[in-house]
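Please model the entire structure based on the sequences and the hints provided.
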Amino acid sequence: MKTKNGITDETYGYGFRDNHSPVFRAAPGISVKSIREISGIKGEPEWMREFRLRAFAIFQKKEMPAWGADLSGIDFQKMIYYVKPVDRMARSWDDVPEEIKATFERIGVPEAERKFFAGAAAQYDSDVIYHAVKESFSRRGVIFTDMDSAVKEYPDLVKRYFGTVIPPGDNKFAALNSAVWSGGSFIYIPAGVKLEMPLQAYFRINTENFGQFERTLIIAEEGSEVHYLEGCTAPVYSTDSLHAAVVEIIAQPHARVRYTTVQNWSKNVYNLVTKRAIAQEGAFVEWVDCNLGSKVTMKYPSVILRGRGARADTLSVALAGPGQHQDAGAKMIHTAPDTRSNVLSKSVSFGGGRTSYRGMSRVVRGADNVQMSVRCDAMLMDPESRSDTYPTLKVDEKDTRVEHEATVSKIGEKELFYLRSRGLSEIAASSLIVSGFFEPLVKTLPIDYAVEMNRLIELQMEGSVG
Amino acid sequence: MESLVIENLSVEAGGRVVVKNVSLRILPGEIHALVGPNGSGKSSLAYGIFGHPEYHVMHGSVYLGAIDLLALSPEERARAGMFLSFQEPPEIGGVTLKSFLREVKDASGDYKTVLSGFRIDESFLARFLNEGFSGGEKKKSEILQLFARRPKFAILDEIDTGLDIDSLSVIPEILRGLTRAGTGILVITHSTKFLGALSPDVVSLFSNGVIVETGGTEIISRLEKNGYEKITSHVNAK
Amino acid sequence: MEFKEKTIFSKDLPPVWKEDITLRENGENIRWNIVFVGKIPERVDLKIHLDAPKSRAAVSLVCIGRETINTEVNIAFLHDAPDTYGRVIAKAALFDESRFVLKGMLHVTERGVRADTYFLGKALLLSEAARGEIYPYLEIETNEVKASHGSSVGKLDERDMFYLCTRGIDHAGAQAILLNSFFRELGRFLPDEERSIYFQEAV
Numbered sequence: 001m002k003t004k005n006g007i008t009d010e011t012y013g014y015g016f017r018d019n020h021s022p023v024f025r026a027a028p029g030i031s032v033k034s035i036r037e038i039s040g041i042k043g044e045p046e047w048m049r050e051f052r053l054r055a056f057a058i059f060q061k062k063e064m065p066a067w068g069a070d071l072s073g074i075d076f077q078k079m080i081y082y083v084k085p086v087d088r089m090a091r092s093w094d095d096v097p098e099e100i101k102a103t104f105e106r107i108g109v110p111e112a113e114r115k116f117f118a119g120a121a122a123q124y125d126s127d128v129i130y131h132a133v134k135e136s137f138s139r140r141g142v143i144f145t146d147m148d149s150a151v152k153e154y155p156d157l158v159k160r161y162f163g164t165v166i167p168p169g170d171n172k173f174a175a176l177n178s179a180v181w182s183g184g185s186f187i188y189i190p191a192g193v194k195l196e197m198p199l200q201a202y203f204r205i206n207t208e209n210f211g212q213f214e215r216t217l218i219i220a221e222e223g224s225e226v227h228y229l230e231g232c233t234a235p236v237y238s239t240d241s242l243h244a245a246v247v248e249i250i251a252q253p254h255a256r257v258r259y260t261t262v263q264n265w266s267k268n269v270y271n272l273v274t275k276r277a278i279a280q281e282g283a284f285v286e287w288v289d290c291n292l293g294s295k296v297t298m299k300y301p302s303v304i305l306r307g308r309g310a311r312a313d314t315l316s317v318a319l320a321g322p323g324q325h326q327d328a329g330a331k332m333i334h335t336a337p338d339t340r341s342n343v344l345s346k347s348v349s350f351g352g353g354r355t356s357y358r359g360m361s362r363v364v365r366g367a368d369n370v371q372m373s374v375r376c377d378a379m380l381m382d383p384e385s386r387s388d389t390y391p392t393l394k395v396d397e398k399d400t401r402v403e404h405e406a407t408v409s410k411i412g413e414k415e416l417f418y419l420r421s422r423g424l425s426e427i428a429a430s431s432l433i434v435s436g437f438f439e440p441l442v443k444t445l446p447i448d449y450a451v452e453m454n455r456l457i458e459l460q461m462e463g464s465v466g
Numbered sequence: 467m468e469s470l471v472i473e474n475l476s477v478e479a480g481g482r483v484v485v486k487n488v489s490l491r492i493l494p495g496e497i498h499a500l501v502g503p504n505g506s507g508k509s510s511l512a513y514g515i516f517g518h519p520e521y522h523v524m525h526g527s528v529y530l531g532a533i534d535l536l537a538l539s540p541e542e543r544a545r546a547g548m549f550l551s552f553q554e555p556p557e558i559g560g561v562t563l564k565s566f567l568r569e570v571k572d573a574s575g576d577y578k579t580v581l582s583g584f585r586i587d588e589s590f591l592a593r594f595l596n597e598g599f600s601g602g603e604k605k606k607s608e609i610l611q612l613f614a615r616r617p618k619f620a621i622l623d624e625i626d627t628g629l630d631i632d633s634l635s636v637i638p639e640i641l642r643g644l645t646r647a648g649t650g651i652l653v654i655t656h657s658t659k660f661l662g663a664l665s666p667d668v669v670s671l672f673s674n675g676v677i678v679e680t681g682g683t684e685i686i687s688r689l690e691k692n693g694y695e696k697i698t699s700h701v702n703a704k
Numbered sequence: 705m706e707f708k709e710k711t712i713f714s715k716d717l718p719p720v721w722k723e724d725i726t727l728r729e730n731g732e733n734i735r736w737n738i739v740f741v742g743k744i745p746e747r748v749d750l751k752i753h754l755d756a757p758k759s760r761a762a763v764s765l766v767c768i769g770r771e772t773i774n775t776e777v778n779i780a781f782l783h784d785a786p787d788t789y790g791r792v793i794a795k796a797a798l799f800d801e802s803r804f805v806l807k808g809m810l811h812v813t814e815r816g817v818r819a820d821t822y823f824l825g826k827a828l829l830l831s832e833a834a835r836g837e838i839y840p841y842l843e844i845e846t847n848e849v850k851a852s853h854g855s856s857v858g859k860l861d862e863r864d865m866f867y868l869c870t871r872g873i874d875h876a877g878a879q880a881i882l883l884n885s886f887f888r889e890l891g892r893f894l895p896d897e898e899r900s901i902y903f904q905e906a907v
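Chains as they are written, first to last, in the numbering used here: chain C, 1 to 466; chain A, 467 to 704; chain U, 705 to 907.
Hint data in this document are derived by calculation from the structure and do not stem from the laboratory.
Heads up, the beta-carbon is just placed ideally off N, CA and C, and yes, glycines get one too.
Please note that a few of the clues may not be correct.
[Unchecked claim] Covered stretches of chain U, going by a simulated chain A footprint (3 or more residues, C-beta under 8 Å):
{"#": "1", "region": "849-863"}
{"#": "2", "region": "870-876"}
{"#": "3", "region": "881-888"}
[Unchecked claim] Distance condition first, Cα-Cα at most 30 Å in a straight line; then the derived DSS-like pairs of lysine-lysine:
{"#": "4", "chain 1": "C", "residue 1": "Lys267", "chain 2": "C", "residue 2": "Lys394"}
{"#": "5", "chain 1": "C", "residue 1": "Lys410", "chain 2": "U", "residue 2": "Lys758"}
{"#": "6", "chain 1": "U", "residue 1": "Lys722", "chain 2": "U", "residue 2": "Lys807"}
{"#": "7", "chain 1": "U", "residue 1": "Lys758", "chain 2": "C", "residue 2": "Lys414"}
{"#": "8", "chain 1": "C", "residue 1": "Lys394", "chain 2": "U", "residue 2": "Lys826"}
{"#": "9", "chain 1": "U", "residue 1": "Lys826", "chain 2": "C", "residue 2": "Lys410"}
{"#": "10", "chain 1": "C", "residue 1": "Lys194", "chain 2": "C", "residue 2": "Lys159"}
{"#": "11", "chain 1": "U", "residue 1": "Lys722", "chain 2": "U", "residue 2": "Lys710"}
[To be verified] Chain U residues, not near chain A, derived (Cβ > 10 Å throughout):
{"#": "12", "residue": "Val720"}
{"#": "13", "residue": "Asn730"}
{"#": "14", "residue": "Ile734"}
{"#": "15", "residue": "Trp736"}
{"#": "16", "residue": "Pro757"}
{"#": "17", "residue": "Lys826"}
Here it is as structure tokens:
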């Protein structure tokens, strides 16, 4: 019996229709035993299991960060670290919070997609989309698959690069991810291949999407070009309260990689992400980072400009509403000469929300003729909200130009009045101004994302005015 | 009398060769116009001659009389008797134009004619060097400095852009005052109108980093009639 | 807008200099000009609490770093009352093997409505071994505020140097003019011995 989207009753109902079906869910808490179990279920090679165990040892020893957002709400032993893919999707639509359902309605997300984003659908038409592009990819030698499969199908490639940009010892959450990671994307672009269309996590959607501990690795060989897009503007409902993802990017000489993330986790989630790229000679890396959801986000995309003439840009936008703390920023570390980087960060706080910008601009001795600029602008919509800026400029090389500018202001009264005099309501005017404020980022998104984004901002603003 | 002789000069910048085997000669008291479309490399030639940090001479020579300019630092070239007027002069706050002119002035330097020619007020001289200056004001600042230094040879890069009509009309006269005293000037521009008013002694047509043709004012009339494309492509096709 | 002005010279300061000041009276204001030349403290902790409405604080710091001086300067302003004003302008020219660390904090609490506060920190590296670190922090807890900061670390602009050279000015002279431009009005606090390093506006 098929439903109108081609999804059969059985798949739809798996896990919540049929109570007798086996459902694998690891016991709460994390231990050497549970890690071995997870690795076993995945059927991983020995070397990956060892990697996980070494990382776990580091996780246990490492301290929680002494700075940043308040993470006291995380209880590592209460969480469940692994749910078999199909099972996690088996959630009842009835369990999804009203506000999420309402948002989908407002943004205009189609019925079946809603169930997917709410975690209640198994495979949503993704196979169809993916198979179409899969053909053209394999012809050009492009690999785009999930990380679990990559470990088994491309062991040499994975072994060579996995954990080289972000070693487990980097920070406590990178260690955690290294121990219990599951899902995420593996992308390999051969030399000289330039992909015209952005790769979206959506294409290879399987139930591992929106996992807790995604691990993504992108390898762009010499002269290649790729744009990867993950996340969505629709709020993603997750019962898991801790998400600790790791993204590693290797941009070989003259490669160009843009990584766009639009994050809108539900308001119970702690979203702690470590993202870093290495840019070799003449390479160009762009991080486009949009933080709309979660209870707490700590995310500082970084680039190590290791090759002469490398360039990096980071564009970061954060929206923090009631009860939210977006602690985001950018790190640019220049270890090679003739390199350039730019950071543009824009944040808006309303209803008591808090945004913090944390950045590092670093030039190492010997990296001469470096130019870096950082600009962070924050808008506070009301007296209850808060904004912080914590940039660091560390320069050990004389032949450098590093500049940083930041402003904090409230929404422009004059602009608001102007728009209202043309008939816009206060909400519509505020959201238009905020959209305009975020424009440098929104304009890099594919068209349908951009439309959703603006509607989402308007929705959020409704909560703030009046 | 010393001439400025540029021979077979090639200049590279940002990985590209922007000036290719250019040869030029400027005699004392002469106005030599270098005319060409935007992006043809005219400024690059000027920067290459003066030793701008981002422009590198690949081969060739530049001699002021018997002096090998390329062997000197930029300030030594200036002291040997050269002057370069920038297309986009940088702003340097904290030092007034007046103090600066006094600092750079040559013994025989005198910019009175510029002050009266442009009808410049004392208050202009009290402003910081180029800071907050409009395009035209920056050019006036360059011309004041030109007269203060009284060089043997001056290269003026787009001296006309930004100037209002009244100031523009005064420039040819002001510059002729300088040439009568012996200064040779290389005027870089893309405006045929300005050239017409200036009435140069020699005209060199520049395109894509090379001198395509050298002649007299008839080149200007041809340009006015046909524009750049026709002339340069016609010549390139030869 | 009258400030109680004080000029403080580093040679008169101890190796660790701490000051914790609270402005308690309506409209109270202070202006300190700190001059770091020659002997310089290793560490400075300057905290100013603007606890009274309409209080104002302005701190300027001019520093010439030579030889192996190594200094960490912390300047924090806490805006905790309505209509306060804060300005921090710190500029350091670093020669030889000097090292300058500047940590600024502008904190506006919910009570600091209509605060007007600005931090500018600039370090100019004039030798191969000089080092500069700037940490300009902002913590803003109310939206009725004008708060911003700017900072830069770098060397003299080569294109500016070239421009001056084409007017016959040598390297040392060009550096002097650009240093004058860098320090601007703060230059007047530099003692005579240091004046030689930068171009003097003829009176």
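The hints, checked one at a time:
no. : hint                : in the structure
1   : 849-863             : holds (count 3)
2   : 870-876             : holds (count 6)
3   : 881-888             : holds (count 7)
4   : Lys267/C / Lys394/C : violated (35 Å)
5   : Lys410/C / Lys758/U : holds (20 Å)
6   : Lys722/U / Lys807/U : holds (14 Å)
7   : Lys758/U / Lys414/C : holds (25 Å)
8   : Lys394/C / Lys826/U : holds (12 Å)
9   : Lys826/U / Lys410/C : holds (27 Å)
10  : Lys194/C / Lys159/C : holds (24 Å)
11  : Lys722/U / Lys710/U : holds (16 Å)
12  : Val720              : holds (33 Å)
13  : Asn730              : holds (36 Å)
14  : Ile734              : holds (26 Å)
15  : Trp736              : holds (22 Å)
16  : Pro757              : holds (35 Å)
17  : Lys826              : holds (13 Å)
Of the hints listed earlier, the one the structure fails to meet is number 4.
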